[in-house]
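Chemist: Here's the letter readout for the chains.
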Amino acid sequence: MRQEGLVQEIDELWVGRPSIDKQWERYRSGLNTAIIVGPSRSGKSFYAMHRHLVYSREKPSDEGSSKNTKEKWRLFRYNLGSEASLIVDFRDYWSISNPTLFFRTLQNDILRELDKSLGFEDRRLQKAFVEKIAFSFGSARGFMRAIAYLFSTKKPFYKGKVIIFLTGIHYLHRAVREPLFDYIRAFIDTAPGDAGLERFRIVLSSLRDVYQLTSYTNRSCSPLDCLHRIYMYDLNYEEYLDLLGGAEKGLQLFVREPEYLYSFTEGDVYLTKVIMSHCFNLLVNSPEDLKKKKRVIDNTLISHVVDAISNPGVDEWLPPFRVLQDFIRESDEVREVLSDILSGASSVPITDTTGTYTIPESSGAVKKKFKQGKYVYTFRNEIYRRVVEKYFKQEQHELDTLLLNSTAANPAIFASAIRHELGGPMTLISGAIGKCVRYKDSPENLNSALDEFRNGIEKLSEIVRFLDSFKDSTHGVEKFSLNDFLKKTFSIFDRQLSRSNIRLLFHLDGNINEVILDTVALRIALINLITNARNAIQKKGKGTIIMITKIRPGKQLEIAVKDDGIGMSKATSDLVMSFGFVKKADGRGIGLSLCRAAVGRMGGEMKIESKLGKGTKVQIVLPLRIANENETNPDS
Amino acid sequence: MEAKELSSRCFKLIASAFRETGPAKIGKGFTRGLFDMTVFRLKLGSITPVFWIMQTQEALDAIFADELRGRTRPAIVLGTKSSDFDRLKGAFIIFLDPDKLARLSSDAQVRALILQSAQDQLLLTVLSPYETFSAVYGDQFFGRDAEIAKIRSEPDRNFVLYGARRMGKTSLLKQLEHLYNHEIFSVDPNAENYGKAFFISCLGIHSLDGFQEVLLTNLDPSKYWTGELRKLMSKGRHISKDVATLSAFRAVSGRSGRRIILLLDEIDVLLDSPEKNKILDFLRRLPDMRYRVIMAGYKSVWRETQRQSGPLWNLAHPLYIAQFGKEDSLALIQKPMNSLGIELEDGIAARIYKDTGGIPNYMQHYCSVIVSEFISKGKKIAGDIFDSIHSHPDFDTIVMSAFHENVQEPLGKFISYHLASINIQDFTINELIKFARTKGIKHLDYDHLRSSLDYLVTMGFVQTAGESTYRFVAPIILDQLRKRDLKSNLNSVISELKSGIT
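Protein chains in written order, with the numbering used here: chain A, 1 to 636; chain B, 637 to 1138.
Honestly, I wouldn't trust all of these hints.
Only some residues are given here: those of chain A computed to face chain B with a beta carbon under 8 Å [claimed, not checked]:
no., residue
1, Gly142
2, Ala175
3, Arg177
4, Phe200
5, Phe370
6, Lys540
Simulated from the structure, these hints should not be mistaken for lab results. Virtual Cβ for every residue (Gly too), placed ideally from N, Cα, C.
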């Protein structure tokens, strides 16, 4: 079985962790329930296994005659002070979503493991449970009490204590996780002083427990904060030297300046091991190399390996980075914290309005520090900083490439973009048809419905014109007065905006007269921007949209749309123009990317400046082609 | 004096210095007495075993195997040889070797010597009574004398305890269970000195059926699990769970001749469940003479105690669990510290009380960090200890998650964040309204704030300090809020309030 193989491996690989052992001793002298907390690959399950192993070593071995062994087992079981341990790995439970089924499976597993760890080869306990208790528990509440009852009858099966390690809780389905937590919380409160339940200890370990449990802000109580916590700290320097000492002894690997390696990993166990094993592989290329007595790892080798493992493709073979990516994708908060630290700040202050301030920490990439009187997030170590940096760069590059190829080259994406644009007018038209049917007897209403109908058709033909422009690049390019155009185009929004308490203001530069531009592309871009600004303000209540035009040095024309809506964080604004970026529940992530494409068609650029809670400003910078200038100088 | 004779004399001395709380036992080569050692206010329980060894090897084997390992409370062993100590390593014991015994028999200062040996031989964390993550009872429990006296002096009344999280409601229930089941009460004509208590946590119980099952498994496990009750319930006889539970009540109280005291924890879950009326009606139906119920809860209980038509009305008398007073707090901090041999600089205890506002869980955290700091540095505890306390990884969980659990409404958050940002303690409602107006929150009025502040008062974060003046109880929370990104937190709460989600 996998678990047994792992146990053996741990026995061979275990390096001492005095800082954790100290916490374990403290737990042993106190509470019944504990949780091992730490980021991914910090060795939480390893530690649980290690403890399990230490306990199982105290049990009788099979050496000597069978009669002798039996007697030893009997003594072990009747010893008040003995401690038996068992591990249940929830990795095997991922498919169970029914709480009743879950508790029954768990019950069977615990009974089987108990039989094993108490030396009942004939599965005596399980049989007794079926016969005497004659009841299969659909909840955990009665189950432990029932075992305690079997342990305290006139002829008890066992007199000592039982330690139950539960690992990998994040594999559990949400529907079964909550009843389990409820039970554990009830157990924490009930067990101290309860003669039956006091014989059990539960130790949990899992990566996302912290993240999941603390996010129950609206529950009447969160089970997590009542568990004794055992922190899987990164190695301190002495422990780190111990680890290196092991490598020196076993593999004849010698690190020349250990501080140098420590400066990259800061005691991250997993990374230290990965770097060491890579160095070993690089040093040992041939059987002759293997025979050499001492292999020296120097600084150049270390920095070479560090560069290699902080490559963007690293997630494919290093589990912690894959986990990190999941966190980045799932949680806006993690993404924001990481990109904020990357964008220059060496640390980011912690906000906790939602009460979920431990989420970024459990991603493993950042750690919390107390710095200059404030709690801040910083990177956990140099390697994580590099990985995150490269990840963001790569992501941006991929999105840019996607966008470049998107609207024109890739038919599927193009189709999707067009569908997005067609959606609005289509809804308008179908709504108008409905009204026409409904109001066929009331001419006044019918007229307004027909107006809407016409409006929709106009918009459709506008899109058709835009599509046409792809084959004829000069289509839609007109000579017109920019300020008039803007005022005229957006007067249609007036009524709609004032209804939702939004004012539309124009700060237009009077010096701009007639310009030459693609009106269709400009209209599509600006309508999208105004719609976004309106949405941002509506979430807040009321506000103002300002449209600004001005001439910039270097013959550039700037058209900006500014709002004082809810704004965006830096991380979001970096991404928002990308194709397929969705924040709204019903969004398709196309609007702004189409904007960008339209602006691109006019040979311009688009920039977004935004502050969370303050507002957003989108600037379109276009090459200025003034009509008069064009006439006097036709070559340009 | 011969070693055996010496240890016999010392055993007698110990027996005279401490109250005996259990029968003595004569085992293989040793005698065991049980004594109450709670006077030290350490984790030396009311039933601490003291072993007097007569035959070394055999006795040590027996003690180690049967009595000591797996114990979480220390025991005392009177040895005949100083080398015996090695054999007992790994168990929590206070070992008195012949030298110490000689000293004990000559100057007869039993308590001082035992305390000294405990400090020398055990990790102070093993002795330290401070516990932040779990309910405490027995030797670790402290204070709440008035509440316990009230509950005991009115034996015919049911009680419902309510108060903020981490205020010690569960601990109080566990302590009551401990007192009813293990301690012999003094003969007080007014006191309720009999009863068999059952502690039941209501988490995960959402129906009357589940509630009755939990009651049955707790009350009469042997009958329930051997199937007698279930057979009655399922086969032909058709007795309902109601009747089964009643008969279990009779059986248990009849067998022991004692009244049953149900201690129900987390009854918020019951009060929020769809079958709350059924469950509470069932409790009303149970025979008064045979049982009594003491419940504890939090928000929903607070809500229900406010209205007469609530399901708790006439069933249980509300009892508010507040934070500790100054005297209790100082005793909680200083007494165990003295016993542990930890010297606090003047004013440290007072500052802990001031910082935490007497919230017991916070004080326990402060003290447990002090103990572990003392272990690693081993010197007099000075004012710089507060930095270590605040930067301890558990601190966030204890202080901040309690805050977030208790204060979830935007208005409560708004008040706390605002007070943290202007750094004052006393405030009036009018000041709050004024500030809200300047921030553009127009719809807040006196009543809104009043009810939100009432809630904060119940949760133990705020107390009234005169007519319509309030004061934040624990400055530490404001402090912690300031150490985070307070500005953006305040802004986001303000925008939440503006958008009308109150």
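Chemist: Look at each hint and say if it fits the structure.
Modeler: Hints, one by one, checked against the model:
The beta carbon of Gly142(A) comes within 5 Å of a beta carbon in chain B, closer than 8 Å, and the hint placing it at the interface holds. A cut of 8 Å between beta carbons decides the hint on Ala175(A): the least distance to chain B is about 14 Å, and the hint is violated. Of the supplied interface hints, the one on Arg177(A) is violated, with its beta-carbon coming no nearer than about 13 Å to a beta-carbon of chain B, more than 8 Å. For Phe200(A), the interface hint is violated, the least distance from its beta-carbon to any beta-carbon of chain B being 12 Å, above 8 Å.
Satisfaction of the interface hint for Phe370(A) is found here, the shortest Cβ-Cβ separation to chain B being roughly 5 Å, below the 8 Å cut-off. Because the smallest distance between the Cβ of Lys540(A) and any Cβ of chain B comes to about 7 Å, under 8 Å, the interface hint for this residue holds.
In this structure, the hints that do not hold are numbers 2, 3 and 4, in rising order.
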